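Asks: Straight run, no breaks: the sequence shown in this note's numbering ends on number 290.
It should be emphasised that the hints constitute simulated quantities derived from the structure, not laboratory data. A hint or two may mislead.
Straight-line Cα separation of at most 30 Å, DSS-like style, residue types lysine-lysine; simulated pairs [what the hints assert, rightly or not]:
1) 88 / 22
2) 250 / 234
3) 190 / 37
4) 37 / 88
5) 18 / 37
6) 18 / 250
7) 61 / 40
8) 95 / 153
9) 37 / 95
10) 61 / 118
11) 37 / 193
Since we're looking at a predicted model, the values are computed, not measured.
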Amino acid sequence: MLYKTLKQYYKQAKCLPKPFLKWVGGKRQIITCLQRKLCKNISTYFEPFLGGGAMFFDLAKFQHVDFYLSDLNFELILSYVVIRDKVKEVIESLKNHSYEYFMDPLNYYYHVRNSNPKNHVDITSRLIFLNKTCFNGLYRVNKKGKFNVPLGKYSKPNIVNEDNLLMVSNILQSEMVTLSCMDFSAICSKVQKDDFVYLDPPYYPTNNTSNFTSYTNKNFKLVDFYRFVTLSEKLHDLGCKVMISNSNTKFILDSFSSRHWKIFNVEANRTINSKSQSRKNYVELIITNY
């Protein structure tokens, strides 16, 4: 059934959809903190760095909002579109992946990792399969755009979460949700006064070893951080409500030191480090102009 409003969907849903991918820097663990900092009376919502979509799925529960969701990662946005339009085919493909994986996890994982499917359903199921079975659900590609994360240590990974995929498909079919694949500055050119924009770009590195820029094969470089800061100021001048997530670093603090920016600290446990003893709570920043 196609729901014209997300409120109609959530009202009738027996359980609620959640991100179908584990994504680097995902916001599920700090979503309550983000909720508390949301402004009231949002009518149009833009998210140019969609990732796993935790903010979107949560906000859609209680807001009657037009959602404009975007990301520069082509495979990621393709997966949203294919799950929206062909979820049953994705589920069947994932069931096949699951069967083959449990027959021979090591060899099958690297077989799939080295594959290069052309069919959109197969591209989507490959992405979900690798995300569910690779190390820490980390999405990383090399300079050639090839996924290069090793196999994770899981006893029974949940490769086919059929119920959630069906719910995600339903919510994405809403007339209120628009998906696009483009640079953050391009999607934000569509923003108008009083719109709400949530900016969650790759985090500015906290040290020389934490520079995670392989989200796509087009690295998010220093010039992109400057573009992001400049865009944030333009959105403020336009009269938009802006919320930003990023690292607790001097660069970010200095970049948003003007009076119209409010900065809040929040603790988040990031588990990308391969050594468990090196995983710890980090202080991240939530920044708003309201």
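Asks: Would you mind marking each hint as holding or not holding in the structure?
Replies: Hints, verified against the model:
1. 88 / 22: holds, 21 Å
2. 250 / 234: Distance ~21 Å between residue 250 and residue 234 Cα, so the pair holds.
3. 190 / 37: Satisfied, since the Cα-Cα distance of roughly 24 Å is no more than 30 Å.
4. 37 / 88: violated, 37 Å
5. 18 / 37: holds, 21 Å
6. 18 / 250: violated, 33 Å
7. 61 / 40: It holds: about 14 Å lies between the C-alpha atoms, which stays within 30 Å.
8. 95 / 153: Distance of about 20 Å is within 30 Å: holds.
9. 37 / 95: At roughly 40 Å apart (the allowed maximum being 30 Å), residue 95 and residue 37 break the hint.
10. 61 / 118: Violated: residue 61 and residue 118 sit about 35 Å apart, past 30 Å.
11. 37 / 193: Holds - the C-alpha atoms of residue 193 and residue 37 are around 19 Å apart, at most 30 Å.
The structure fails to meet hints 4, 6, 9 and 10 from the earlier list, while all remaining hints are met.
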